[in-house]
Amino acid sequence: MAITPGTKLVIKKAQEIAVFPAMSAQPLQNALANTNHLYGYFRPLLLSWSPMGSSPAYNPGITPTFIPDPVVYVVPVLPSQDGLHYDFMWTLFPKIAGGGTSRFTLQVEWTSGVDPTVGTGSTPATKWVNLYGPAMTSPLTDSVWNTRTISLVLDRTATMLRFTVTAVDGPYTLGHVAVQPSVITSITTPATYASGFLPFDPSFISQARAPINTEMVDRCKTNALSVLRDRAQCLASLVQPYTTTTGSLGGVSYYPRGIMQVMNGSAASANFSQTIGMAAAGLPAQKTFTGHVRYLINDTAPSVFVGAGTLTVTGDDGSVNQLSLDSTGQLEHGVVQVTTLGNPDSFVKVQVDLTAKPAYSTYLYALIIFWTPGA
Amino acid sequence: MARTANVQNWAIDGSAAELANHLCGDGPNVAPAATVVLLMSADQIVLNVGLSYCQTALMCENNTTQSGTTREYVAVIPPACNHGILAATRVGPVVSDGTIQAPTYVGCDHGSLLGATPNMDPVTLASPKEGAETYLGLPSGKCYFTPDIIDDTWVAGNPPGTRCLKLPEDRVATNVTIRVTNTAGHGLICNRLTGNIETL
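Chains as they are written, first to last, in the working numbering: chain A, 379 to 753; chain B, 245 to 444.
For reference, chain B alone in the conformation it holds in the complex (with noise of 0.2 Å):
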């Protein structure tokens, strides 16, 4: 039996509450086979919480002219997800239709911001989807995390970019760190770190 985290199906409508005070009443002794059904509630609750954590998404480094740009963040990954940990980390330079606006009016102040050469140069995307987001992990881009990571295989059919990683099982630590490497110089570093948990 895998369990996900879903806090919102479980946690939020109250299921222990509304299950104790059904089969229960408020009495101070619980029948066992109304344990049963509450202690799985409950014990799924606290579950799901241990497993609620989102995945922050990084808007920072908005340049196409930088190469070899590289940061190095800290992820959180609950020690109880230990399985399946599916990563993306993506790059996206500001983008509407494939190639970056025109940028005229976007930029620092080198001297050449109110210029005919502002500090962003046009990219065309080689494959622009979903508002022209690309992918770290192209050539353009290489993507490192650390520790913990036992399985950092390519995974066939998934965007690309994105890498399948399992983590010890016996793994504590909640942190992740991740390295990211920009040596195409697009812009706009973001995170995307999702996973499948079981536990069972």
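Excised from the complex, chain A in its bound form (with noise of 0.2 Å):
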């Protein structure tokens, strides 16, 4: 049987449950049928970043710009356990002389396992999987922000996603990419999902006076609960285009792309630090924050540069967390924790800060935090 959810919240009155109703379907009915409504419609974005760099010769999130090479990406997920529907949404920002046409060819894939210089297959703990594309869009409107939206499932084990936009005919800016739940219209039963999430059948108690248990009181928490923390939600991201090339310039390895980086270019210095990235993301009333951080970096130094960077975490309150972050050119892990003082604008500060050691340059590849409340 499937269930087709609500398409929006329907929040009871106080007056209308704190007037001792007569046992009855309602309103414990109400309160289920709004969990199936958060299973179908809660959509937090799971990844939403724009691309971070400082030269428009190469990074097309700057000013447009013409890149005929494919530009490539590489950002940590955290997907549902639900192997759930997504949409991922590319805001492309095409701009040609005298107008004309602008197409572009736009590819995901994904791997479940830590190294993205991996090639392609379909082993997906060993491989870059493909996911969708390459395929080219149909011509996009110039010097306006078009958004193209694609609707693919993504695997429960997914770690990685590898996006690669690449420009046909002339120059464009990348402004966003998302990725957010689709919207799921009808919600088949009666498995309980891998999330936890145990769908409600309306005509369990549609009846009046039907018997209200606790199991179905309780529902309405473990089903809210269940999606909430198994949409990781984006709170910061910090992007830019993959490479492992390097080279070298007046002594000092750097990556030759368009990209922020931080070098050291003495070989007599000691290490050089600079922050690369502040930014604030808000969590109305909550009041502890948890990070869950996925990174890249990478180095042109030889070996694993342990502490190549450290990523800060200040709550509205003043708490501070710092997390260490570690060059391998492999996806790293850890976790940020603060507290906020609850009220509705709450915020969280985030900075990160890259180390370079002596000759040699620092690159972030990606970072990103998610949050799952309570997990």
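Don't take each hint at face value.
Listed next, the stretches of chain A that the computed footprint assigns to chain B, with coverage defined by at least 3 CB atoms under 8 Å from CB atoms of chain B [unchecked claim]:
(1) 406–417
(2) 466–473
(3) 549–560
(4) 608–616
(5) 656–662
To be clear, the hints were calculated from the coordinates, so they are not data collected in a lab.
Cβ atoms here follow ideal geometry from the backbone N, Cα and C, with glycine treated the same way.
Put the two chains together into one complex; each comes in its own frame, and the hints tell you how they fit.
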């Protein structure tokens, strides 16, 4: 049997509940139906990132530029355990002199491993597995923002996604890439989903004076929390084009691509640190925050660089937590936790600092902080 | 009565289950008085979860020399959230004390990376605060919100760049598109979008 979830929350006014209603289907049925709505329409952004960089000649996130080579981004991900469909959204701004046709080739690949340097294949633990494309978009309107949305099933074991954008016709800016659960208009019953969600069949208590049991009351909580905790939210993002190519300039090893990197120009100097990212994220009314950090950092030095960066998270109550970041060229993880004032406009600030060894540079491919409340 | 999203208070501590066990044991039926308590708890938990969206901090575009740079991105505001949205989109260059740190070793491969003319020019902020962040909405930048914003007037007394937004009460869509134009070439577009939530 399939259940159609409501398109919006139906919230009872307090006085509709707190007047000792007769034992009946309502308002419990309403509350349970709301959990179905959550499953179908609770759609936090799993990924939300804008490409960072400093060179318009190479980075499509700055000014509109024709970059005929594919631009690749490797981004950590923490998908739902239910194998949901996700909407992948690219926001692009083509700008060709005098207008004209603008087409793009888009591709998405995924892996369940931690090494982004592996080849392509069909075994996700050790290869990049194709998820979409490469496919060319229909021509986009010039000089306006265009959003292309594709719905794809994201495997629950995925650890990283590889986005490839190739301009076919001319200059463009890549403004934003977002991934969020697709709307679910039909929920299959009666299985309990891997997330812990158990769909509510309205026919169970649709009759007057139907029995009400604690399982159904408790299901309001377990269903709601299962959905909430299963759908990780992207609290912060910092993403740059992926490259492993290095060059040398003035005796310093660096990544020759228009990207932000921390470089240390003297072999005789000490390690050099630099802030590369600062931002603030809203956490309405949340008193505690636990962030699950996934990141990829690389550096041109020949060995692994432990402590190549620092992630600092500060709550609006002044609490601070830091996570030391290692440069391994592979997917790494950690946890940060702070408190906030718990106000409707509460927020946390995030800051990323990178360190470079003398005569080398350090480069951050991507850092994502995922929020899964209570987990 | 105003309800605000507060999962930490209501949902994580298992209020509904604990109340159920305490008041009703494990029996199949619940007394009317206990039902009131339980349903209030259960209803509130569902509401709180439905409103529990964070807003992503976007760290990007660390370049103070670029002018006219525009980004457009999608933010999520839950449908039940229809009143008193505050939005503050901020930009802040990499700074420590009001000026950008000596940028000798930060930049890109323009060929001047290691030379005397780095890609990032030092910029003194007009009113550095909190690590010298500044806010879009100042003359240096603009931000736009689409669709559904029916009131985007500036709010006196709030930090520069803060706008008070009111969304249509019958809104179903969750996505709000935000466009940021960086006309003065400050770097590092950030996002902070929070709101008061009233449903009753």
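Hint by hint, work out which the structure violates, then give me just those numbers in ascending order. none
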